[in-house]
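Spelled out, the chains give:
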Amino acid sequence: GAVVSQHPSWVICKSGTSVKIECRSLDFQATTMFWYRQFPKQSLMLMATSNEGSKATYEQGVEKDKFLINHASLTLSTLTVTSAHPEDSSFYICSAADIPEAFFGQGTRLTVV
Amino acid sequence: DAKTTQPPSMDCAEGRAANLPCNHSTISGNEYVYWYRQIHSQGPQYIIHGLKNNETNEMASLIITEDRKSSTLILPHATLRDTAVYYCIVRVDSSNTGKLIFGQGTTLQVKP
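Heads up: the protein sequence lines correspond to chains A and B, in order. Position in the first sequence (from 1) plus 846 gives the number in this note's numbering. Position in the second sequence (from 1) plus 345 gives the number in this note's numbering.
These are calculated hints, taken from the structure and not from any lab test.
Here are the simulated PhoX-like pairs of lysine-lysine, each with C-alpha atoms no more than 25 Å apart in a straight line: (1) K887(A) to K348(B); (2) K414(B) to K397(B); (3) K444(B) to K866(A); (4) K887(A) to K444(B); (5) K901(A) to K444(B); (6) K910(A) to K860(A).
All of these numbers come straight from a predicted model, not from anything done at the bench.
Given these sequences and hints, build the entire structure.
Structure below.
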C-alpha cells in the first residue's frame, strides 16, 4: 500500500513555543491531506482538511490561528502548533488518500512542558 | 455520512476467529463500509471495505447483511498482534478524498 510518513515521531517543547509537524506522501500525490488529534483513550478527532494550493478547512471548534496548516506541494502538508500549551499535548496524526483507501502517518506525540 | 455503533470491547483467544460487529442502520445506498484498525500509539491501518457484497483479502473478511444495516469483520485466525482498536466507518466514496470520521471503535484483546 501507499506510504505516508510523518515527522517527527515525538517532540517535547516548552510552553509558549511553536512546533511544526510534517506529513509526506512518499509514493503518490495527494491534493488533500487530513490532520487528526487523539487524546489518551479516545478516538481520533478530525481537526482540518489540508488542500494543496489553497486554505485549509477547519472543523468546528478548532482554532485556525493556533493550528496553522500549509500544503505547499502535492506530497507535503505541515501542521504548526503555535504558542503551544500543556493542553495541546496530544497524539497528532495525518492521512492522505490514494482512493479508495486513506493512508495514515505513524503519528506525532507532542508533549508541552 | 452514516453513524456506526460498535461494542466497546471484545476478547478473542489466539488462533480463533475474531468476529467484530458493526451496526449502521442509517446507511445510504451509495455509502461504503470501511474498516480500519489502530494498534497502540500508531496511525490507523486500512483493513477492508465493501458496498454490498462480502469481501475478503489477505487480512480479513467483511460480511455485509442483505439490508446493509450491519456488517461483521472477521479475522480468521487471530494472533496477539491483532490486538488493536477496530473502527467501522461508513462513507460515500465519491464525496471526498479520504476524509474519515472515527467513532469509538471496538478494542479487541487477543489472549494467549
